[in-house]
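**Student:** Please take these sequences and the hints and turn them into a complete structure.
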Amino acid sequence: MKKLLALGLAATIAVAGVGALAGCTEGDGELTVGFIALHDDNSTYDKNFLDAIREACENKGIDADHLIIKTGIPETQECYNAAADLVDQGCDVIFADSFGHESFMLQAAREFPDVEFCHATGTTAHTENVPNFHNAFAHIYQGRYLAGVAAGMKLVEMYEAGDVLDADNFDTDGNIKIGYVGAYPYAEVVSGYTSFFLGARSVVEEETLISVSMEVTYTSSWYDLQAENDAARLLISRGAALISQHADSMGAPNACEDAGVPNVSYNGSTAASCPDTYIVSSRINWVPYFEYMIDCVANGETIDTDWKGTLETGSVVLTELGGAAAEGTAEKLAEVEAELRNGTLQVFDCSAFTVNGEHLTSYLADVDTDDAFTPDTEAIEDGVFYESRHRSAPYFDVRIDGITELTEANS
Amino acid sequence: MERVKKEPFIHITKREPMPWWKSLCIRVGAVLIALIISAIFISAASPRDRGFFDYFSSLFSGAFGTERRFWLLLQNTALLLCVALALVVAFKMKFWNLGGNGQVLMGCLACAMCMYYLGGKWPDGAVCLLMFVVSVAAGALWAVIPAIFKAFFNTNESLFTLMMNYVAMYLVAFFIALWYPNGTGAMPPLSDANLPTFGSGQAGRSLPIILAAVIVTAFIYCYLRFTKHGYEVALVGESKNSARYASINVKKVIIRTLVLSGALCGLVGFLLVGSINHMVSTSMDSNMGFTGIMVAWLGKFDPLIMAGVALFINFLTRGMAQVNTDFGFTSEALSDIVIGLIYFFFIGCEFFIVYKVHFNFQKGSVHPAPDFSMDAAESSSSEENGRSAPSPDGGDVLPAGGDAPVQTEGRPLAADADPPPETEPSPPEGIKRSRRSKKEEN
Amino acid sequence: MDENVTLELKHISKYFGSVAANRDISLALYKGEILALLGENGSGKTTLMNMISGIYYPDEGQIFVNGKEAVIASPQDAFRYRIGMVHQHFKLVDVFTAAQNVVLGPGKKGYGVKRINSEVRAIAEKYGFELDPKKKIYDMSVSEKQTVEIVKVLYRGADILILDEPTAVLTPQETEKLFSVMRAMKADGKSIIIITHKLHEVMAISDRVAVLRKGEYIGCVETAKIGEQALTEMMVGQKVELAIERPAVKSDRPLLEIRDLCVRSDEGSRAIEDLSFFIRGGEILGVAGIAGCGQRELCEAIAGLRKAEKGGIYHEGESIMGLSPKEVAARGIAMSFIPEDRLGMGLAPSMSITDNMMLKNYQDTRFGIRPIPDREGENAFVRCAKHALNRAGAFLDRHDPFVDRKKARAEAARVIEELDVITPSTETPVRRLSGGNVQKVLLGREMLTEPNVLITAYPVRGLDINSSYLIYDILNRQKQAGTGVLFIGEDLDVMLALCDKIMVLCHGRMMGVVHADKTTKEQLGLMMAGALDLAEEKGKPMGVAKDSRIGEDETWNA
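Read top to bottom, the protein sequences are chains S, Z and P.
Counting from 1, one number per residue, gives the positions in the first sequence under this note's numbering.
Counting from 1001, one number per residue, gives the positions in the second sequence under this note's numbering.
Counting from 2001, one number per residue, gives the positions in the third sequence under this note's numbering.
Every clue listed holds true.
Using 27 Å as the maximum straight-line C-alpha spacing, the simulated DSSO-like pairs for lysine-lysine come out as follows: (1) P:Lys2126 to P:Lys2114; (2) P:Lys2407 to Z:Lys1228; (3) Z:Lys1252 to P:Lys2326; (4) Z:Lys1240 to P:Lys2407; (5) P:Lys2307 to Z:Lys1150; (6) Z:Lys1092 to Z:Lys1228; (7) P:Lys2310 to Z:Lys1251; (8) P:Lys2145 to P:Lys2126; (9) Z:Lys1150 to P:Lys2326; (10) P:Lys2186 to P:Lys2198; (11) P:Lys2126 to P:Lys2031.
The set of hints was computed from the structure by calculation and includes no laboratory data.
Note that the structure is a prediction, hence the values are computed from the model and not measured.
**Tutor:** Here you go:
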């Protein structure tokens, strides 16, 4: 009896399998979008992208059957396999969200010239000259700057309250110390924390007689809950009065919540889990880019090789202010944002920062990626370091005064 | 006052070993039940409007749907099988090599180092040859260090090999950071010294791997079954005392076997980096070192069964990824649970193959004492010859006649232990009489 | 309903898988009697008693205690019915005292040391035990431990006692003491079931005998009305000759000589101390001693598996100390040791019989490359080339990587045929063979090497009578062929019948070597207990051969 049942079920499955094979997917002529994600919804980084692509497709009338999402694709040959598989399923445009996916997307782009391949945070589209391969990013440093402004407001509030900060929150020069948990010591991260620092410092120097100094530590991972938690705790123990991060897990916000230290987050509001310490978060809103991307494919236009989103395109946004934000932050943020939009305020104004005591007049950034990371492009014009101008991915990797990277030597 | 206990409700006995096709049916049945249950879960949780049978078609489509997927399935199966075979060599010796991940990674790293430092500078053929040698050696080295400690100091090999995994992982991270200091820990593929493929399609890229796996399987099968080394491995695993009795140098065997085990893992690393990815990352091993353990045990250390299990595991993984895509799941949590459920059924059905469960449905516990007759009935023994038992009077012998009511309905129960060693099989085949008669002839 | 029946079994059956350990057994135990449960190894005696004492639960049948049906599902239940069992393997806590072990379990009134000591002493004195309640278990001899087990059962108020092979570990004197205690308990109204396979004891102590054969109940008779021969026939099912032959063989010069051997055990204590003895070709030397007196270490030392601390082992005059097991075996010394779990040392349980056959000589397979012969009239160059090729060929030949199972399979088939091993095939894993067959395989393998010295330890442990006699037969044939046999055993009666000489060990020291036909069980018993030391008899040390093959200057080396 049991044998008959087992045999019968096996037969049913075999039939279903054959049926599946027969009806395997191929393109049906409608616009199909493919998406390759590094992790899945559990990573704030990918969730940001996934929410955006779903919203964009809905806005453009692409139904769920024509948006094919593959999650958990590592930065190896698997990415190429996934891209090729998406092409097999009839995608017209494929998007990948992680830096390490780039070379494999390029490989696929060369093989399938009729399909558009778009990639975020990549750096080689403008040098490789593969017509159907494109990079995209946004002027997120502006969002970071604004987040820094909110942080600065909070620091001023804490300073003026008199009893919140104590002696080890100040460094030897009497400046307030803040901390930043970074992932890797490269341009995207450096650009992010420098703009954050500049934003905070601008407010503190404006409202008080003291300034701000920042300590940065690296976890060598985009997503490592424990390492980020440990890093935040290290910075707090060294006296940081406020913490921000460029990392995908809840490690640092949790550490801040436990210690009661205010936190500026990235890529998503942590208000739900850190109600007492969450101030604000900056993120890139990918919906405008995705809508642009879909439109171009639908109308047969070329997509920008290096697309840079700005405050205007709505690509750089701040999430809502948390309970820990200081009073007047919203107004201040609106004010600064207006200045950034009309160009009166430049984040990387060379007069606002020094390197080894001197203001920069010239700096060669490594814009065209090569194995030796040779700097090749002059980035400073008219006393301003123009970030994200020559390519979409950030290339500001200057270490300015006031920011210390914690290494073995000085920690 | 005595408390009379109720007879236990569930009663477990050990089964006789069953024919192979029967146990196969039970296993297939378990998997099917698991798939059906998971289909119900998944279709209930799907944000899109997908039904019960779409689940199965997605599973199969993800594994076999296109030519590319089919070759990738075989390729991944080949890699997993190689790692599992490497582990089996050590497991047969009861050396629990949990360091498969680390050994594969060291093979990957060694290969990548050759490619990075020598690619483009030396001729490709020479570099490829060197890559092979160095990868295999690196994997072997990573396995032989714990082996030496186990052989000479009797350290715990599970812990040692496990910890070496992390060392390997951080070594890889170190070198990536060394080579690409301004990078994000991801390494771009290197273009020099790539291993040749059979053509440009996916089939061409996968064929060398599959071929390698076939060769390794045949080699390990022969090695374990037909060679002296294989015999020694089995003997050392059985009991070190018996091995000493056979004058086997146990230390030498342990070290030699782990060299082979690590070398095979290193070979997998060589294939991963040299042939498929042309770059290395800290998760290049894809956890095959641990999945391989499962393949080895479920495959009962038999290379052919292991191939089937490896195929099944990859079928599940790739099929479930397709299910995620088709059903619109962007969080992998549910599919991970489902895969776990299927493994649970697959492994759990072993219990029903080894044991049989009886249920006692009788109500009440004690039956009234039956009458017995006082005649000197003979016992129900089948052997009648040679019995010279004197005829007992009245109270000595109790009848074993068939009229007394006996509880045979769903046998009365108790938890059983394994049969005691003294039990002989019944009915016995009987001892030949010839021994005795030969003796009487002298 | 007979008032005197205290315990009754009706149609009891127990199955393990498809194996019937007990089938349809019905018997009765009367108040105040000693019932012997007699049967060969493997007849189901212990299983039956385990059901009465609650360890197993019957698959069929019922148990009645004092006329009322009893459901015994655990040892606790058994105690409630006042049934207590003393097992073959003691369940004692070594670091506790005797009294602490006795009261271990659900206590009645707490554990006051003075009170329990006096209670235990009272019980012991009542029945004539000699027991010091304050003595720790690890300080006790085996028979004292057994006493503790019995007192434990009595302390719980058992009226029905079951003793499982109690005399297996006792010397003859201790056995007598046990019997007198049992008679005292019987006089007190207790009912005792004694499980045994030794006929002498059955005749000595029991009132009635119940015989089991292959799981089935044969019958129950009064001891006074039956003889040993008839009982054996009931046990085995056919006429059996009980005599063990002892052929007279002209013995040869000493083949194996041991001089002042000292061997340490795994725990570091001296297992063998200053032991000297010799074995001649064509004789069987028995080794008697209580369990754990160094037999295992002695066997291992001779076979090359254990390093002796000092002393000498000489085979045909040459020292074999320090040789590897393979080299020792190459000289014709074979050893088969059956430990308590009966899986044999030198056997791999999950490997097949064939694979176990080739355990000692699997290394010896060769490709079969034969050297090219020289021919007349060749010039030097050709000859050199041929020699070089021959050298290469010989090297390759020695390093044949493959095992030869054909030869091993043939050997396995021969052993199965000659020794009547019951097995489905030569490829069955050894652990699937039932008890006695494992020993046959082991002994068979050793004998295939045609040894000149055969050391065999407990070869008939767990074997039924027919198989046991087969083994004795084989040993006699070996003796007649000129082999020197060292026979380590437990059953003194068998050894007295089979062996030419018997050496008694006690705690690793030799107590004496006596001619089997000139000694008695009692004398052996005294030596085993250490009460009688014949080592220095008439001023000369025992165990040193007059016509020794060892040269004077080779002895006494460290």
